[in-house]
Structure formats: C-alpha cells, structure tokens
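If you want the building blocks of each chain, they are given just below.
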Amino acid sequence: MKFRLAAVLAFCAVWGGSAQVRRGGPSLSDVALAKAEGPPLRTELRQTLDKYCAGCHNARVKTSATAGGVVLNDVDLAAVAKDPVLWEKVVRKLRTGAMPPAGMPRPEPAAHAALVTYLETTLDQEAAAHPNPGRSGPHRLNRAEYANAVRDLLALDVDTATLLPPDDSADGFDNIADVLGASPALLERYLSAATKISALAVGSPSITAEQETYRIRGDASQTGQNEELPAGTRGGLLARHLFPLDGEYTFKVKLWMTNLGSVRGLEDTHQLEISVDGERVLLAPVGSEKEYTDAVKNATDVVNLLEARLQARVFVKAGERPVGVAFLAKTATLGDTRLQNFRRSTLIATDHRGVPHVESVTISGPFNPKGPGDTASRRAVFTCPPSPSGLRRDDRACARTIVSRLARRAYRRPVTDADLAPLMKFYDDGRREQGFERGVEAALRGILVSPKFLLRVERPPSPRLRRASAGDELSPISDIDLASRLSFFLWSSIPDDELIDLASRGQLSRPPVLDAQVKRMLRDPRSSALVDNFAAQWLHARNLRNATPDKGDFPDFDDNLRQAFERELKLFVASIIREDRNVLDLMTADYTFVNERLAQHYGIPNVYGPQFRRVRLADDARKGLLGKGAVLLVTSHADRTSPVVRGKWILDNLLGAPPPAPPAVVPPLDDSAAAATLTMRQRMEKHRENPVCASCHKVMDPIGLALENFDAIGRWRDLDGESPIDASGVLTDGTKVRGAVDLRQALLERPEVLVGTMSEKLLTYALGRGLEATDMPAVRTVVRDASRDGYRFSALVKGVVTSTPFRMRRKDKES
Amino acid sequence: MFVHKLHLSRRTVLKGVGATLALPFLDAMVPALTAQARTAAAPRKRLACIYIPHGVILDQWTPETSGADFEFKSILKPIEPFRQQVTVVTNLLRPERGIDTNHAGAPSSWLTGVPPKRTAGPDFSLGATLDQVVAQEIGQETTLPSLELATEDFTGLVGDCSPGFSCAYMNTLSWKNATTPLPMEINPRLVFERLFGGGATREARMARIKTDRSLLDFVAGDLKQLEAGIGTRDKARLEEYVDHVREIERRVQLAERRTDSLIDVPEAPVGVPESFEEHARLMFDFMAVAFEADLTRVSAFMLTRELSQRTYPNIGVTQPHHTISHHGNKPDQIEAHAKVNLYHAGLLAKFLERLQKTADGGGSLLDHSLVLYGSGMGNGNVHAADHLPTLLVGGAAGALKGNRHVVAPDRTPNGNMLLSVAEKMGVNMDSFGSSTGRVAL
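In order, the protein sequence lines correspond to chains S and X. Just so it is clear: in the first sequence, position 704 is 709 by our numbering, and no numbers are missing. Just so it is clear: in the second sequence, position 335 is 441 by our numbering, and no numbers are missing.
Watch out, some of these pointers could steer you wrong.
[To be verified] Listed next, the in silico EDC-like pairs over lysine to aspartate or glutamate satisfying Cα-Cα at most 20 Å (straight line):
| id | chain 1 | residue 1 | chain 2 | residue 2 |
| --- | --- | --- | --- | --- |
| 1 | X | LYS330 | S | ASP422 |
| 2 | S | LYS259 | X | ASP340 |
| 3 | S | LYS430 | X | ASP340 |
| 4 | X | LYS316 | S | GLU438 |
| 5 | X | LYS316 | S | ASP183 |
| 6 | X | LYS445 | S | ASP306 |
| 7 | S | LYS816 | X | GLU362 |
| 8 | X | LYS341 | S | ASP183 |
| 9 | X | LYS341 | S | GLU478 |
| 10 | S | LYS259 | X | ASP438 |
| 11 | S | LYS816 | X | ASP340 |
| 12 | S | LYS302 | X | GLU177 |
| 13 | X | LYS445 | X | ASP259 |
| 14 | X | LYS316 | S | GLU478 |
| 15 | X | LYS316 | S | ASP644 |
| 16 | X | LYS223 | S | ASP555 |
| 17 | X | LYS445 | X | GLU177 |
| 18 | S | LYS302 | X | ASP438 |
| 19 | X | LYS316 | S | ASP434 |
| 20 | X | LYS223 | S | ASP644 |
| 21 | S | LYS575 | S | ASP585 |
| 22 | S | LYS259 | X | GLU177 |
[Stated by the list, open to error] Just a sample of chain X residues kept apart from chain S, beta carbon distances all over 12 Å, derived:
| id | residue |
| --- | --- |
| 23 | ARG224 |
| 24 | GLY227 |
| 25 | ALA234 |
| 26 | ARG295 |
| 27 | LEU296 |
| 28 | VAL348 |
| 29 | ASP349 |
| 30 | ARG352 |
| 31 | GLU355 |
| 32 | ARG416 |
| 33 | THR417 |
| 34 | LEU448 |
| 35 | GLY508 |
| 36 | ASN509 |
If you are wondering where the hints come from, they were derived from the structure by calculation, not from laboratory data. Every residue, glycine too, gets a C-beta built ideally from N, C-alpha and C.
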C-alpha cells in the first residue's frame, strides 16, 4: 500500500505542473537560437538536463518518473531525432511548464528556452528531412457525414439517428477511422437506409403510410414565444417534416399532462393552432370552465375529448415543410392562482393549473397518395427527362446521365464503366418491371450501399507521382483523395462538382488553387459542419443534451435555457470561423449572442424576444469560452459546480495537458449532510488533505476554483450558500489568480500553447485519427505559420491542409 | 373541417391488421413446412411475462381451495379453458424494505424481486429482470434475444413519475442489469419492422429480400473492385466487410425461407392504433408470431402501465383505471376495477388460445411456453405489496404441471417464485432478487 501510494503521488507529479501558467517561457521566436547548434550547445544542454531532470528521471531510480520510460540521465542529445516518442513528451512538459514539478529547482529561463528550442528544432528538422505522415486507411462515413452526403447528393434531409446506429468515438471525436468499424447489423442498416432514402428521393410509389412523432422535452417552458414560430404564438414546436408524396396527412397533437393524467391549464380557454408551411390547418379551443370541472371528475374523458379535437387531416404537397404547433398568445400572466418565482413552467409535475403546453405532434401519412409531386430531391435526381417517345433506348441514355452524375458525386471521383455497369443493371431491371423512375430508384439504392460510397479508400498515387517519389516510402495523396480529405474536414460531406473537376484535372493541389478552394469552402454554408461536428465535440457541447441540473436546486433551469446555451456557443464559434478572426478571440471576444431568456440569465439588460442577436459584453468575466453557459454547465454536476471537472476541461481542451485518470484508491468528495454546510472550496480542501488526492488536485482545482463565481448553470454568484465566493488560488508555478478574468489572462500568457491545443484538435479531426509523437512537428508548423497570420482561423486550416500528415501517404505494398 | 376523427385513418391504418387480423394473420405466419415445424425433438421453450397494473380485486381472483381442480373465480373465468396448464400462485410478496415504493416499486420489483433505489435522478438502480436472465440463456440463437412491448407512452415525463422514484422504474418491465432499463416498444409499426424487416406487404417483403440479395452481390462485387490496386494493409480492412456481407447473405436466406412460407401477410400497421383493444391484440399477435417463427423466445409486455388513466367505455368503465383502483371499498368502484381485471384476463385468454392452436414441434406453442401473468400489487387500493396476483400458464415443455393452486406460506418473497420459474425455463441459480428459497410449482 505504501509503495502504491508513493507511486500514485509520483505519477501525478509527472503531470503536476502541466497546468502551470508561467510568465517568461520560451517563445517560438527562440527557434533562431537553435541555429547555434553543435557540440558546445549540446554540452550545455546536457548540463541542464543533468541538473534539473536526471535526478528523478534516472535509470537507477525506480519511481514513476521513470516508469513511463522517461529516463534522461544517459540519453544522447545528438540522437534526439531517433526517439521522437521520448522527446515529444519532454517537449510537452517543458512547453506547458509542467516540469520540473513545483517546489523543485528550475533552470533559468534562458537555459529552459535553449533546451526546448533545441529539442523542437531537432525534431522538426528530422520531420522535414524524413516526412512521416503516420497511419491512414479506409475510413467509413460516420452518421453525420452520411446525412450530409445524402443532403448534398439528393437535396434530402434525413434523420439518420433513426436509420443508423450511433458511431463510436475516440480521441474526442466520432470521425476516427480506427473505431468506425462495421458489423453485419450495421450493413443491414445501410441496406434498409438506402432503400428508404432512394424511395424518398424519387417519391417512389412503394412508400406507404408511416407515423412520426415530434416531442418537446418535458422540461421545456412554454410560457413565451418559440423562436422558430411567428410572433403572437406561445410555446409549441416547429417540426420540419418530410412529406414523401403528395397526399393526405393527419396531424395529432398531445398536450402536456400531469402525473395523474389530466391536461394542465384547462381553467381558461386557449386556442391551439396547427400550421403547415405557415398556413393554418387547425384552430381549436383548449380549456373552459366546463372542461376544467369535467376534468376534476374524470380527467381521462377530457383528455380523449381534446385528443379528438386536436387533430387535422389535410392534403399536403410532397417535400420538406415546416409544421408549426402552438397556442395563440394571450396575456403574459401565468394564471390567476399564483405568482411563481422561478422560470421553469413545468417544474411541478402534478400542477394542473397554469397554461396548457404542447407535448408532441404525430404526423401520419401519406393516405390516398397522389404521386411524387415536385420536390427539391426529385429536381436533384431527375436532371434530364425520359424520352417523350417512351422508347427504352432513349430513356436509358437519360438514366445513364443521371446515374453517372450521382455516382460521380457519391464515389467522389470520375466514374468508370466498371462502376456504372452494375448500377445500370439495377436500372434496367427496375425499368423493365416498373418503369423509368423505379429504375433510377434502384440504381440510386445501389449507389447508396456501395462500399465506394460508404468507405473512403484512398488510391495509390498515379504513375506520374509514383515516379516523382520513386524510392521514397511515401508519396503525396492524389488530387482526388485530397478533394475528399478537404470536404470531409471542412464540410463533413462529399466534395462538390467544382472540387472533383479541379481534382480530376490535377489542379487542386496547386497552392493558389488550393488556397482559393479552402477559402471558398470556409465561406460556404456547409462549413457549419465545423461548428456542429468539430467545435461541438471539442468543447463538449454535445453533452448539453444530457445535462440535467437538479430541479430543486435550479428551478429556473429549463430546456429553453439549455437550447439557448447551445445556440450561443455555436453562434459564437461560427462568428470566429465566418469572420476569420484570431482564434484567441475564442478566449477574449467582447461580444456574444443572446436572446431574452439568456440575457436575463446573464444579467444583460434590454434584450427582448426569443431571437438571438449579437451583443457587446460589459462584464469582463463573461468574455470568451470561459464565460459561456454551455461550458460552465457541462463542467458541473447536477447539484453543484465541479472545480475539478472545470479544471480538467481546461487542461484537456485548452492547454492540451490532460491529467491522468484518478487512481482507484481515491475517495470521492464528501457529499454528506455534515459537508453540506461547507463551501465548495472548503470541501475540496478537505479532500486535498489526503495526499493521494492532493498531488493531482493541486493542478486541476485552482483552475476550476477560479470559475467559482459561476454556479452550476453558469449564473453569476457572489455567495455559495451563505459564504462569499473565494475564487482565488495559486497555480503551481506561483501565479496568483483571482476569478475568471485573472485565469483567462494567465492562460493567454502562452498563446502558442492555446493555439497549439486547438491545432492538435483540428488536425486530429481533419485526419480522423489520434495524433502521435511524429505528428507534433506538423502541429508546431501549423502554429508557427498561423502566428505570422495573426492566428486567423483560416491560417490554422491552411496549416492543417498543407501539413505532411494531411497531404502525404505512406506507400503500402502493392498487390 | 379538417378533423376526421378515427375512421379514415383507422380504416387505412389497420387494414387487415386489427379487427380483421385475428386468425388469418396468425395462420398466415405459420411456417407450414419449415424445419422448425417438423422437428419434434427437444422443444424450444418460450417465456412471456405480462404485466397488469394496480393489482386486482383479490376475492374475485384467488381460488378458495388449494391444489388441483380448484374453482375459477370470476376474474379468472376466461382462463378456465386452459385449466390443465394453469397454475395460480398465492401469497407472494414484493420486497419494500421499509418504504412504500407504490407505483414505481410494483412493476420494477415484479420481475426482479428487489425494490428500486429511491431516486428521481439518473442514478436509478434496480436489478436484472427474469426475462433478461432467461434471454441470456435461451435467447441467443434467435434474431432477437427478447422483445419488450407496452401500449402506453409516457416517455414525455421526466423526473419522478411516482413521488421520489424515477420514471425509469415505471416505463419498463425489463432491465438488462441494475442500471440498464430496456425501453419498451409502443409503436406496432416498429415492432413489425424489427420482426419482419421493412416492406408493408408480403410481396413488398419478398421483393425487398430479392433486392437485398442482388444488392449484396453488388456490394461484394464493388468491394472486389475497391480491393484491386490497393495495398495489402488497406485490403485487410476491407476483408472485414466481405465477411459481414457473407453473414448478411446467410441471414437474408433465412429471412427468405421464412417469408416465403408465410402465406398471406397483411399490411404493416402505420403506427399506434386508435383503439386500445386493437393495440393490445396486435402486440399479443406479434408475441405469438415471434414465438412461432422463432424470431424470439422471450418477451415482456406491459399491458397497461402503473398509474394508467385509461378508461374502458367499451365495458362500461368510464372512470380512469388508476382512480377506480383506489376504490376505497366502495362497491361500485370495486366492481369497476374487477371489470377491468376481467377484461384484461380476456385479452390474455385470446393470446393463450392462439398459442394453443399453434403447432410447434410435435405439440402446441402453449405446451412449450410459460406465460407469467400478474401484477406487482395485491390490493391496489392501498398499494399493497403482498398477495400479488400471479398466474402461470403453459406447459414449459413438460416442466410445469398445471391445474393447481399453489398456496405458498404467507408473504413469500416473489423472488422465490421467479427463481423457480427460471428453473422451469432451464436456468438454474442459487438465488434471485431477495429470494429465500423456492416455490414448489
């Protein structure tokens, strides 16, 4: 036990300083120093290593300092290039100021700088001399990419969550090739998804009536206007429903019920409206004195009565159309019986008074279908008309045009006869049995299950490139593969015609062309995928939907706020990307996006209505990611803040210095009633009395504690319970911080660390694989080049798409 | 003017499925000459667990005498035709450990024999349920290890459905383990698709299978094309896909044989039927068909849910079920509750009849099944945890005798009964839930 404890302590010490934010560290301009490389320098560096590192990192000492293989007493500084795994570890510790650990003597800044610069330069020079692109292999489209590909190919928005199983994720993202495996069950789902999607795209007569239910989360308040619905309405939802055929559809609305099964809010009369495409299809009354008293006698009778009343059956033309369900707004009062001092209107599950809420709308159909209609997806598919003569031969020419075009987009390259032959056979069979359109549908189904669509398999380079790189172990990827890498990185989707055109003419990799294409792609609305897929995973925003603060502790919290947090964060990140700002603005920007609900939460005056708008932030503490409700909520527990989780979030996602997982022996924080009277800080200090806990927590806690003025739902507070908040702390390197603003400034002392972490995340996402030591020179190049361009977002992207791992491939034994 | 209540959608939605479904549907699903129907040896056992909420009017349920040839009381009258395969078990108790777990404890303890952890949060904890334990043993060879069905959708509720207890305890009967509740499917359309794949008609399904086969050939061909000219490393990754394609081909062949042997399959339901009776019968039909076609051997069905506010105007019960279950000993309310109990038993009887009429490996499906039917409450008026109404029907392939009223010692943990049922299904354990022994079934 004793040994184990010591090991844990030492293990944590390895990481112990990683959060330090120290002034005066080396900067990238120190690279110049390394020019003076040579034996005299190495002797000096050897002395630095011996004096400050090799005491613990010594082969004779058996501690956790050496357990990870970091032995520095007998290393050859002339052979740094041969062991990037070891030396990248050393570089990371030095760069983030994590080593030597707090309390141990540290080298003078100049000696520190000389060492880290020498190591980086040596490693970078080695990478330049012997580029190593790392692993790459077949990459299956994940669910989001599949959905976007279908959207771009067929102008069809499908809900892939119901069609395909969720993907595994690794290294923080769900587009990691290694874990995007396959299984028979998955392939079966692809088969049925392809059948469904190809039928929807062409408006196939094989489509039969189905039912879909759109729900509102049970913790949503419906006392105000929904942003997506017109002014003058209250609550409700907007469903973007895909009506597969021209035909009749039924709409059935269910209202929110109490736990005892009575509809809430019947004491007054309200009007419920259903609209399709903005046109009213039903307006029906809900509630009255009679219904209220009837419900007291027999709630179920009234529920049945209302369900019968709140439905409509109408003819709807095919296509995706907004279906709105909401009440007409009345006065803003909640009812006549109470004033409630919290915001969530559905807090009390047994409360039958107030205003009625919509629970769900169920859309069924088509009934009596009248044909496929004229939809965006049909226009996207049927780009040429079948022959008016009805001759099969002429139809086939048109079909071949359609199938070639779709296959070219879906397979992301020019298609060959070998690609088309089996697809045209599907067409021919379908055409023979059921006509032209069914033939096209059959061919489309084939495209959608083809491994050429579902898998990104990169081809060996062309003979020209092969010759150019003869003898080397690697070669540049082809332009065609580059087009896909770009589009899956920036759009989470397939390349468009322009990219494929350029790639097939061998133009895409020319630097000016590539530059212009990257700029174009970032301007394109499809680049919102970077927000939804890259940023939302990087910043853990996807965890918002599962964040459920305790309703007793936070009776104001409702789904409206949860959604506002998500909107704000996404709009904020999008503004950095769209306006091509310095990525450090993510930390410092003096603006954000709020609607009335969020503005109230943040204490920003004079913001009215459900629409989001950009506002200047007067409150310094709110600026940047550290003041965003989304970040503060996903780093809290249901009933309290978690400085540990917040500290870890910053270490992981901003500093690139993840702390180790807690050892199994660590006791949890005392949540007992006795502890409840202590402040969070006091409870954590108690926790840190245990040395096992202290070694790691002294790294994480001060960072998280600096954010204690934000409660578990991101609201500003000056008190924790009855005690004043103390948001001060001393970081392990001695930097004193007090509050969010100080912390942010301390982090910004090392911009290259922040930008380096972002670049690591971006490169991981762009490659779809976890990074290795040999990728770190590429990351440093991205940061270095971007620093010359004011750390603009596009500069980071440009750095990634011109990096060795993005552009090169190791040769594989050819078959 | 847009409101067309019920009839259009019902006609279209339930064409051939609901009321007109009845026997043709089932007969349709009989795999007349499949291997399974021909095999007489080693019959496959099936387990169905069917839950009713709010307890029953016990003096109209519990037989007066113990042992064989007992007299069926009024609520159980519909079950009498199956007497030779009926075992009534009396005096079971679900554990509560000091607190009234009321409407959350009743369904959650029913198949676990343990009380739910008191929490309204996401840290709910219970235990593996009988159906899942049995499915682990006998459900692994079928397409679906188990089937979980219900009729009432309360998924919109969050927090505590019963004071202090998470909705998770009431939304499902089935728990894979202490922390993994399995969602119960309410929409018959989705059940249909899980069982039979897409395609609304038999023709559509056969066409679909044909298409799937040609698509699989195509996928295999395209994989071969992809492999040509790429390196050995990437090729190894693609081989994985080739294997999966082969596996699906095998499954498609099975599906083809199955579908081909189904004579006249009605259209798939659009969604949830308007009428409860049609909904419930559809779910029973799916259970029977799934057993028959050996798509699954284990199912759990929550006929209605605890706190169900359903009224039954078709049998003259216009007050919500939950309300009348708290009858306060008023005769009219007691009568209404008993009517609902009887009505539910009638729905069960139709299911049993279907199982009885279905040939299965040299006997009937009922001969090889064990149907556990009951509630997690005795006297619903007081949320009573004891005197749980419990009915076992079916031969369990010779393991269950039938024609017996087993009177266990008063307040016998229901875990004892669950342990013995598991044994009858071929799963031997030392204990289950809070069991203290066994019930001699």
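So, going through the hints one by one against the coordinates:
Among the hinted pairs, LYS330(X) with ASP422(S) is consistent with the structure: their alpha-carbon atoms are about 15 Å apart, no more than 20 Å. A distance of roughly 52 Å separates the Cα atoms of LYS259(S) and ASP340(X); the hinted pair therefore is violated under the 20 Å criterion. At most 20 Å may separate the alpha-carbon atoms for a hinted pair to count; LYS430(S) and ASP340(X) exceed this at roughly 29 Å. Our distance criterion of 20 Å between C-alpha atoms is met by LYS316(X) and GLU438(S), whose separation comes to about 13 Å.
For the hint linking LYS316(X) to ASP183(S), the alpha-carbon distance of about 33 Å lies beyond 20 Å, and the restraint is violated. The straight-line distance between the Cα atoms of LYS445(X) and ASP306(S) is roughly 18 Å, inside the 20 Å bound, and the hint therefore holds. Between the alpha carbons of LYS816(S) and GLU362(X) the distance comes to roughly 44 Å, so the proposed pair goes past 20 Å and is violated. Between LYS341(X) and ASP183(S), the direct Cα distance comes to roughly 14 Å. Compliance with the 20 Å bound is thereby established for this hinted pair.
Annotation: proposed proximity of LYS341(X) to GLU478(S) holds, straight-line Cα distance about 18 Å (limit 20 Å). Proximity of LYS259(S) to ASP438(X) is assessed by CA-CA distance (about 31 Å); at most 20 Å being required, the pair is judged violated. With a C-alpha separation of about 11 Å, the suggested pairing of LYS816(S) with ASP340(X) holds against the 20 Å cut-off. Among the hinted pairs, LYS302(S) with GLU177(X) is inconsistent with the structure: their alpha-carbon atoms are about 38 Å apart, more than 20 Å.
Only pairs whose Cα atoms come within 20 Å are accepted, and LYS445(X) paired with ASP259(X) is rejected, the gap being roughly 23 Å. Only pairs whose Cα atoms come within 20 Å are accepted, and LYS316(X) paired with GLU478(S) is rejected, the gap being roughly 46 Å. A C-alpha spacing of about 55 Å is found between LYS316(X) and ASP644(S), which places the hinted pair above 20 Å, so the restraint is violated. The straight-line distance between the Cα atoms of LYS223(X) and ASP555(S) is roughly 18 Å, inside the 20 Å bound, and the hint therefore holds.
Under the criterion of a C-alpha separation no larger than 20 Å, the hint pairing LYS445(X) with GLU177(X) is consistent with the structure, at around 19 Å. Distance check on the hinted pair: LYS302(S) and ASP438(X) sit about 16 Å apart at the alpha-carbon level, within 20 Å; holds. Note on LYS316(X) and ASP434(S): the hinted pairing holds, with a Cα-Cα distance of about 12 Å set against a maximum of 20 Å. Distance hint between LYS223(X) and ASP644(S) is fulfilled; the C-alpha atoms sit about 19 Å from each other, no more than 20 Å.
Between the alpha carbons of LYS575(S) and ASP585(S) the distance comes to roughly 15 Å, so the proposed pair stays at or under 20 Å and holds. Straight-line distance between C-alpha atoms of LYS259(S) and GLU177(X) comes to about 45 Å, which puts the hinted pair past the 20 Å bound. At roughly 15 Å, the least C-beta separation between ARG224(X) and chain S is larger than 12 Å, which holds for a residue marked as non-interface. A beta-carbon of chain S is positioned within 12 Å of the beta-carbon of GLY227(X); the least distance is around 7 Å.
Consistency note on ALA234(X): stated as away from chain S, and its beta-carbon is indeed over 12 Å from all of that chain's, at 23 Å minimum. Taking the minimum C-beta to C-beta distance to chain S, about 6 Å, the non-interface status of ARG295(X) is violated against the 12 Å cut. The beta carbon of LEU296(X) sits about 9 Å from the closest Cβ of chain S, which is not more than 12 Å, so the claim that it is off the interface is violated. Distance check on VAL348(X): its Cβ comes as close as 9 Å (rounded) to a Cβ of chain S, failing to clear the 12 Å threshold; non-interface status is violated.
The beta carbon of ASP349(X) sits about 9 Å from the closest Cβ of chain S, which is not more than 12 Å, so the claim that it is off the interface is violated. With 12 Å as the threshold on Cβ separation, the claim that ARG352(X) sits away from chain S is violated: the shortest Cβ distance comes to roughly 9 Å. Distance check for GLU355(X) against chain S: the nearest CB is about 10 Å away, which does not clear 12 Å, and the non-interface claim fails. The non-interface label for ARG416(X) is inconsistent with chain S: the shortest C-beta to C-beta separation is roughly 7 Å, within 12 Å.
THR417(X), annotated as away from the interface, has a beta carbon of chain S within 12 Å; the closest lies near 5 Å. Every C-beta of chain S lies more than 12 Å from that of LEU448(X), the closest at about 19 Å, which supports listing it as non-interface. With a cut of 12 Å on Cβ distances, GLY508(X) stays outside the contact zone with chain S, its closest approach being about 38 Å. Distance to chain S confirms ASN509(X) as a non-interface residue, since its nearest Cβ pair spans about 39 Å, more than 12 Å.
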